[in-house]
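A.B. asks: Single-letter residue listing:
Number of protein chains: 2
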Amino acid sequence: MHKPVLHTLLSPRLMDLYDVSNSIVVIIDVFRATSTITTALYNGAEKVVPVAGVEDCIAIGKKLDAVTAGERDGKIIPGLQHGNSPAEYPRSFIEGKTLVLTTTNGTRLLHMALDRNVAEVVTGSFPNLSAVCHHLIASEKNVILGCSAWKDRFNLEDTLFAGAVISRINENFNIRCDSSLMAEDMYRLHANDIYSFIRKTAHWHRLSAYGLEKDLEYCVTADVANVLPVFKDGALRAG
Amino acid sequence: MHKPVLHTLLSPRLMDLYDVSNSIVVIIDVFRATSTITTALYNGAEKVVPVAGVEDCIAIGKKLDAVTAGERDGKIIPGLQHGNSPAEYPRSFIEGKTLVLTTTNGTRLLHMALDRNVAEVVTGSFPNLSAVCHHLIASEKNVILGCSAWKDRFNLEDTLFAGAVISRINENFNIRCDSSLMAEDMYRLHANDIYSFIRKTAHWHRLSAYGLEKDLEYCVTADVANVLPVFKDGALRAG
Numbered sequence: 001m002h003k004p005v006l007h008t009l010l011s012p013r014l015m016d017l018y019d020v021s022n023s024i025v026v027i028i029d030v031f032r033a034t035s036t037i038t039t040a041l042y043n044g045a046e047k048v049v050p051v052a053g054v055e056d057c058i059a060i061g062k063k064l065d066a067v068t069a070g071e072r073d074g075k076i077i078p079g080l081q082h083g084n085s086p087a088e089y090p091r092s093f094i095e096g097k098t099l100v101l102t103t104t105n106g107t108r109l110l111h112m113a114l115d116r117n118v119a120e121v122v123t124g125s126f127p128n129l130s131a132v133c134h135h136l137i138a139s140e141k142n143v144i145l146g147c148s149a150w151k152d153r154f155n156l157e158d159t160l161f162a163g164a165v166i167s168r169i170n171e172n173f174n175i176r177c178d179s180s181l182m183a184e185d186m187y188r189l190h191a192n193d194i195y196s197f198i199r200k201t202a203h204w205h206r207l208s209a210y211g212l213e214k215d216l217e218y219c220v221t222a223d224v225a226n227v228l229p230v231f232k233d234g235a236l237r238a239g
Numbered sequence: 001m002h003k004p005v006l007h008t009l010l011s012p013r014l015m016d017l018y019d020v021s022n023s024i025v026v027i028i029d030v031f032r033a034t035s036t037i038t039t040a041l042y043n044g045a046e047k048v049v050p051v052a053g054v055e056d057c058i059a060i061g062k063k064l065d066a067v068t069a070g071e072r073d074g075k076i077i078p079g080l081q082h083g084n085s086p087a088e089y090p091r092s093f094i095e096g097k098t099l100v101l102t103t104t105n106g107t108r109l110l111h112m113a114l115d116r117n118v119a120e121v122v123t124g125s126f127p128n129l130s131a132v133c134h135h136l137i138a139s140e141k142n143v144i145l146g147c148s149a150w151k152d153r154f155n156l157e158d159t160l161f162a163g164a165v166i167s168r169i170n171e172n173f174n175i176r177c178d179s180s181l182m183a184e185d186m187y188r189l190h191a192n193d194i195y196s197f198i199r200k201t202a203h204w205h206r207l208s209a210y211g212l213e214k215d216l217e218y219c220v221t222a223d224v225a226n227v228l229p230v231f232k233d234g235a236l237r238a239g
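Those sequence lines, one after another, are chains A and B.
Using our numbering, the first residue of the first sequence is number 1, and each one after it goes up by one.
Using our numbering, the first residue of the second sequence is number 1, and each one after it goes up by one.
In short, the hints are calculated from the structure, not lab data.
No incorrect hints appear here.
Chain copies aren't distinguished; within one or between two, either way the pair holds.
PhoX-like cross-link-like pairs, simulated, lysine-lysine; straight-line CA separation at most 25 Å:
(1) 3 to 200
(2) 97 to 62
(3) 200 to 141
(4) 151 to 200
(5) 214 to 151
(6) 97 to 75
(7) 232 to 141
(8) 75 to 62
(9) 141 to 3
(10) 97 to 63
(11) 75 to 200
(12) 214 to 75
Kindly produce the complete structure, drawing on both the sequences and the hints.
C.D. replies: Shown next, in the form of structure tokens:
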């Protein structure tokens, strides 16, 4: 049987090395954009609009009468209403609303993917791991697991999520990519100590300084907000 | 004690994300440029001149009355005399001679490093693992372990070598870099099955098609050509 091909992209900087045309691109930004997006949609948000800049966030938020959100250095950006934490978006708050979210790494990779002739853009994170895997198997298309990284530098948390996906769907894909082999190895090595292992990562050191430990633990917990955010008509909606 | 900082660079494409100034940059191209360079020097070559293009290789080879070498797709490049295999450079052939070598990935990263204000450029590979480690510990300078990758794509064999270095010298350096944590994990995971594991890599599939299995096994064998190639005055010489 001819299997579709799966690649793992370790940094946005490497995107042009891969043929992404007609592929499903999974945007991965575990700490915390894609974890927050799936959580808001799982809790009934109508849609999430990912925007690159703060001014866009304010303008689009006003136009759509939406909740605006974004952080820099662990604090809500002046002019916006909320932060990047998934814990800020319980059903009691976000149900039926539109969230306009600006983040640095995840949003940038998403827009890079949209600029190309891809088949579909979805977002992935541990909270919606199963939804992503089911969708990729069912679609039978080529896949790019796109790690958002941190300012283009390789990061472990996005890689671990790519590895978690690969460990579940590898029989359905043709995988001949060293990045994917590494991601799967790293996930299998740390699947049983993930809460302690993420404490060693560079991003943990950065974000835990802001008291975000509980957030980060949530962000590596599988299937606690198990919907599939699919990008269509300018926004991510539960697919 | 203040320890120097060590980073691992997973692709030449990511070099500008790191401050390489005043650092020792270790050029790593396990399959096969840096394995061949250390082997030629270990076997008594006077020096190795790494050049980017075939025309340079021919011109400099003529000027220096040197052995010219380079391959594309597993074959000696027309106009050059030898290939990229370390097995082509036994003492009986290479002692006292100059080797002008053109390779794609390793040579390119080396010239990228030379264009910056680095402290020193050396080359690393399993055949000179101990020489590299001893030098880095003794130097007490910041270190960039530079994986040459394959056409800018992440590769496992260079990463495993970076991990082997880190596993030996991590107590002497301040390492807060996800790439380095990953490299060390991958090396520790596969240190005892490295000959079978490298058969899974993309580069193995590429090169084994040319009958190079013995070459590749040699290239992941530690300390069989244990000198330190140091770049100075346009050439690599045993340091």
